[in-house]
Amino acid sequence: DVKVTQSSRYLVKRTGEKVFLECVQDMDHENMFWYRQDPGLGLRLIYFSYDVKMKEKGDIPEGYSVSREKKERFSLILESASTNQTSMYLCASSFSPPARDNEQFFGPGTRLTVL
Amino acid sequence: AQSVTQPDIHITVSEGASLELRCNYSYGATPYLFWYVQSPGQGLQLLLKYFSGDTLVQGIKGFEAEFKRSQSSFNLRKPSVHWSDAAEYFCAVGAPPRGQNFVFGPGTRLSVLP
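Chains as they are written, first to last, in the numbering used here: chain A, 11 to 125; chain B, 4 to 117.
Simulated from the structure, these hints should not be mistaken for laboratory data.
Using 25 Å as the maximum straight-line C-alpha spacing, the simulated DSS-like pairs for lysine-lysine come out as follows:
{"#": "1", "chain 1": "A", "residue 1": "Lys-80", "chain 2": "A", "residue 2": "Lys-13"}
{"#": "2", "chain 1": "B", "residue 1": "Lys-52", "chain 2": "A", "residue 2": "Lys-13"}
{"#": "3", "chain 1": "A", "residue 1": "Lys-28", "chain 2": "A", "residue 2": "Lys-63"}
{"#": "4", "chain 1": "B", "residue 1": "Lys-71", "chain 2": "B", "residue 2": "Lys-52"}
{"#": "5", "chain 1": "B", "residue 1": "Lys-64", "chain 2": "B", "residue 2": "Lys-52"}
{"#": "6", "chain 1": "A", "residue 1": "Lys-13", "chain 2": "B", "residue 2": "Lys-64"}
Per label pair, the in silico range of CB-to-CB distance:
{"#": "7", "chain 1": "B", "residue 1": "Thr-58", "chain 2": "A", "residue 2": "Thr-25", "range": "48 to 56 Å"}
{"#": "8", "chain 1": "A", "residue 1": "Asp-48", "chain 2": "B", "residue 2": "Ser-17", "range": "24 to 32 Å"}
{"#": "9", "chain 1": "A", "residue 1": "Glu-79", "chain 2": "B", "residue 2": "Gln-45", "range": "25 to 33 Å"}
{"#": "10", "chain 1": "A", "residue 1": "Glu-82", "chain 2": "B", "residue 2": "Glu-67", "range": "32 to 40 Å"}
{"#": "11", "chain 1": "A", "residue 1": "Gly-73", "chain 2": "B", "residue 2": "Ser-83", "range": "42 to 50 Å"}
{"#": "12", "chain 1": "B", "residue 1": "Lys-71", "chain 2": "A", "residue 2": "Phe-30", "range": "40 to 48 Å"}
By construction, the Cβ of each residue, glycine as well, lies at the ideal position given by its N, Cα and C atoms.
Chain B with its partners taken away, still in its complex shape:
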């Protein structure tokens, strides 16, 4: 069975600074990989996803993530953080071929300083 770890429970960055949120997964083959964002009191919104092909994936709101098979990682990055990016971020892994069963990481809460 697949599993996901997000080593950082809480990260604080200043507005305009760069951001990297870490995600490591455990799965025997290439999984489907997702990053979701949850704003306070809201459901989850998909930022980006990786199925195959180019290992650098572009998402919404200026986010990108890079799949590194050798490190079993799928880290989320943004070059310049905005105050509205303050939220909780979840990495998720789906196992092919069914793919529909996701395992979510525990989440990383991002705070942004003005």
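So here's chain A without its partners, still in its complex pose:
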């Protein structure tokens, strides 16, 4: 079974704090993704990475950065947390094309509250 784990299920931080969200996958997937999920908006892609040390911006990268030093680990960083970053954060991973089985596997999510 593919396992995608996230370091915390619930996190409460204060405005201005630096926040690290960690994600680890055990299937040797090339691709890893960070989404945020908000009611009525579905999932929105923040950043993704298709290889170690590689990253690409998604649809809403502002206020976030990422780090991928090892293939299995993808970190999302909120440099200075703000209240509008209160959300559910989901990590996912997948194989790269030409693998046809490139569905994304998701972690359980981290619910972040910024006070």
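Use these hints to put chain B onto chain A, whose structure you have.
Here is chain B on its own, set in the frame of chain A:
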């Protein structure tokens, strides 16, 4: 760029009734299509996917979906809903040939009445 709409924000059905959740996409060619389910407090689980070939796709938990190119749709169906199907359902589109970048619809919340 691709986009996805799910016209129904919230659907309520009785247990045992049939179900159809709608998904429409916008993309210039045949995309990769997915349905995911999210139970409360959980991550997303893949129900089924379409890449090519047979346009009727079978998935887990008794779900199926039909790709209709002429309507740009990929509707999810189940003949008889169980109370445990209450969840949020997301349709997603991936664009070949890279395919790994998905666009998700806003989701449809399903409630099941006993």
